[in-house]
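Residues per chain are reported as follows:
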Amino acid sequence: MIGALRDWADRFVGRGTAAVTVPPLDGALKPNNRLDEAPRGIQADQPDDIIVANGTIFYSAASRLFQVDENGIGVVAFEATGTITALAVSPAGLIAIASEPGGISFVDGGVATVGQQAWTCVTAMAFANDRTLLVCIGSTRNTIGDWQRDLLNAGKSGEIWTLDISTGAAERLARDLAFPNGIVVEADGNIVISESWRKHLMRLSPAGKRVGQVMEDLPGYPARISRNSRGGYWLSLFAPRSQLIEFVLREPGYRKAMMAEVAPEFWIAPALRSGASFNEPMQGGALKQMGILKPWAPTRSYGLVVELTPDFEPVRSFHSRAGGRRHGIMAAVENGNHLWLASKGGNEVVAIELTHPGGLR
Amino acid sequence: MASASNLTKLRYRFIPDHVIGEILSKKWIDNAIPFLVLVCVVLVFGSLIPNFYSSSNLSITARQFGEFGLVGIAMMVVIVVGGIDLSVGSNFALGNFMMLALLNLGGWPVELAAPVVVLICGSVGLLNGFLIGYMRLRAFLTTLVTLIIVRAVVDMLLLQYAQAMSVSFYESPAWDLMGLGGFFGIPFSFVMLVIVAVIGHILLTRSRPGWRLMAIGGSRRSAHNIGLPVRRTVCAAYTISGMLCGLSGVLYAARLSGAGTDTGMGLEIAALTAAVLGGNSLGGGRGSIVKALIGALIVLLLTNGVLRLGLNSGSGPMVLGLTLIFAVFVDVKWLKNRDKLLSKVYVSPTIIELPKPVSTDPRDNTAFAINDRLNDVEIIGLGEVESPEDVILDEDDHLYCGTRHGDIVRFLAPDYQQSEVFAHIGGSPLGMSWDRERNLLVCVGGMGLYKIAPDRTVTKVTDETNRSTFSVVDDSRLRLADDLDIAPDGRVFFSEATVRYEMHDWPVDALESRGNGRIICYDPKTGKTHTAVRNLIFPNGICTSQDGQSILFAESWACRISRYYFDGPKAGRVEPVLDRLPGYPDNINRASDGTYWAAIMGMRSPALDVALRMPAFRKRMARRIAPDQWLYPNLNVGCVIRFNDKGEVLESLWDQHSANHPMITSMREHKGYLYLGGITNNRIGRIRLPGRDTSWSGYRNYWGQSS
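Heads up: the protein sequence lines correspond to chains A and B, in order. Using my numbering, the first residue of the first sequence is number 1, and each one after it goes up by one. Using my numbering, the first residue of the second sequence is number 1, and each one after it goes up by one.
The hints are simulated quantities; they were obtained by calculation from the structure and are not laboratory data. Please note that the accuracy of each hint is not assured.
[As the list claims (entries may be wrong)] Stretches of chain B that chain A covers, calculated by requiring three or more beta carbons in the stretch to come under 8 Å of a beta carbon on chain A:
{"hint": "1", "stretch": "595-607"}
{"hint": "2", "stretch": "612-621"}
{"hint": "3", "stretch": "628-638"}
A virtual CB, placed ideally from N, CA and C, is assigned to each residue, including glycine.
Here chain A stands alone, though its shape is the one from the complex:
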């Protein structure tokens, strides 16, 4: 009773759960233009995931898996039956591919083995060991293309499964997750997943028990996590949070009407790219002045990748700000002294040269 009253009062004055505060980008997340300053990368059709297998970069774009050759050109390595939604590589170099439709396939030296499971909305995968594949299902209600609808409906139907690739036996580790969108296995065997709609990273025990949050209240919607050479991680954030979206998420009446009447690309929702059409919603600060869009303008899309320590403390970040090209970073992976990124919004696979760890730039 008191709780309901408090909720009502909170909604009335806009505090507590009704507050629409968004964490600022400061400290290690201070904005820069490193993503947009990086040299021209490989043009790709909505590149989604990116991995390193045997020292070679592989990335997925639409229904194809590409391999980056020594000249820096993407060569088709595999063609799936549907859109590739996630990649993973085993310690032995076996590549797992999730496609929709099509399920999970394995590529080993050019030979494909089609898996048994017909999951949809697979958002990320990781090998726990050579035999065990961990699979993130973003939503059991919506397809992966409908992720904005899942967010606006406050979806929490995501699941984590484990798959024994030799027997095909699958087991559900966790359920009721708000769009798990990235997964990484820690050195001690614990699993860390990113839950996009809750904007945090969470640690699960190898058996799937929730251990606790490792990062909370992120300034964007987290996507995939990969390990780096210093024992830490790279975390991609595919879209920024904004006060307007947080506000719309608390307005059921408007949200329903908007989803019923407006085409999804024009929703007030995070996006992988923005600014292409005048039918997109615009916020006050994004009004161009003297022909210039301020880089700090409110935006529905952004490019952001963050380096984390082994303890999940951010140490540095690369940004593509409002009006930039390389938005919607879905995945990042380190190879040698380069960080390779899949910019799904910018239709580009980008490599950034990394300076010495700990160095400022």
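Here the structure of chain A is known, so what remains is to put chain B in place on it, guided by the hints.
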């Protein structure tokens, strides 16, 4: 839910939410809470006390109020200047005694005695004023000292003369009138109070000394720094306070004809309570006669009421004390939160259901189909001008535009490489037009309608119109004059986009989408300005139609263009011309072939169209999130359309990526070219129009070859 329910529509039609914000922005709203307390007090005691509303009780109360109200005003005057006067009670007693002494012992006539007593009490005030104003002593201590000394003097005088005074009895018609009579049944003291209050109100709110009083109370140091005579004014305030106490004492003497040691005892506390209860800030700078009177009336009713209810002795001061602490509490909270509240509730969206926009998809084959005809716009004056909302050309092909610095910049023909400041007006120059005498008439946001003669002299044409009958806020002053055009007989019709927002906040008006704007007519023959059409939704562009009997005007947030007849058989009527626009229309101008150009300054986004149907959603948005984050109309992309008198759109010119010339708020055809202006741009664009009359110019089209 495809459309809002009828109930919601009715609610937004008949409940004027925006008035709340406007009332809160008025100064007199400070009186709202004291007034409410007064009403409560009246209701409570009216129900508790028998005969409360009887004429005899009202008459007695009014007579007492006449005396106490004067003391309340006396206290308010010094509080406003940042001080306090504790000696009002003693001074009042002194006035009472002196009046009786002069009449009974001195045998003076009333007409002479009363002014002398006022002067005597005034001199006590002068002493206070001298010590506080010139000697810079603390007001509290100084008046405490005068409280004690004057009280002592009165007591000594009483000891000496009380006996003598009580045996004599003064009688005269004037004295009886003051004490017992009145005018038309209204007690004399009350009439006195009304006269003082009216004069005082006018002095305080509408005269230089009054403003200085307020300014010094608000910030003594700033007032001193700007050169106000702080010492003299402070001294004068205390003197006036003393004189008012004296007058009150005279009236008290006339009513009761008795002097005792308890006369005026505790009056300073009651007066202080009254002043604070009325909402006069103890810190100074905020107060009024009305506040003082409301406070005085509350205190009087409370003390009398408690007395008549026959409660224990001591309960009177107790009630007074509790009321005082309540008043101080409310005063502090109100002062702290009033502006916060105002900023939260000022934006008050209303319901607007826009019809489905015409498609801009090239596949649908409408006149609005997106194209790239503006890709090759030539750029003029890049970086030299900021915010050229409108552009215009003269007969010598020179190009003029306004800038946000308040200049009218002229680019010289033929190549427009050189520019000069043609004239400086100030404000934000927006729409422009030539009149017959080649004067340039300019609508200036924040200022009004201005005229620049060919010799570059700037004169104000008009900056106010008639005030709307039922407006809360004075809307006679022009806030955002936007665009104008001139009728063949010289009358100037111009739009004021909104009366609720200033120049730099104009897109916020889109969040409201209420009919906040109007079209105003200035007649040079009579020099008069009047409002022609009201309650328009951001009226923007204005263009006199080719037949010279009507004007076409754009209502931006309603996405339509309408026609207003000012002459001919349909004079005074408004007719729709064009609606279902896919964007927000801005300026309209004539085209060389008898049609019209209109600028579309921004495009509708479907998400905003949904929000426009949901005013409560927009209201919460305005409260919850920062203005920078509000959902806005998309004003980054626009286009130019051409339409005819029948409301048919003939063509549109687009620059989809808006790279070359970002936004368009106006366009002007001149000798085969179209010139483009945009309010957020730092450039002017022009593009050749193939196949159009290369000798056509706006001035000649309006006013003919010769002039």
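These are the hints, each one checked on the structure:
1. 595-607: holds (count 6)
2. 612-621: That given contact holds, which follows from 5 residues of the stretch 612-621 of chain B lying within Cβ reach (below 8 Å) of chain A.
3. 628-638: holds (count 10)
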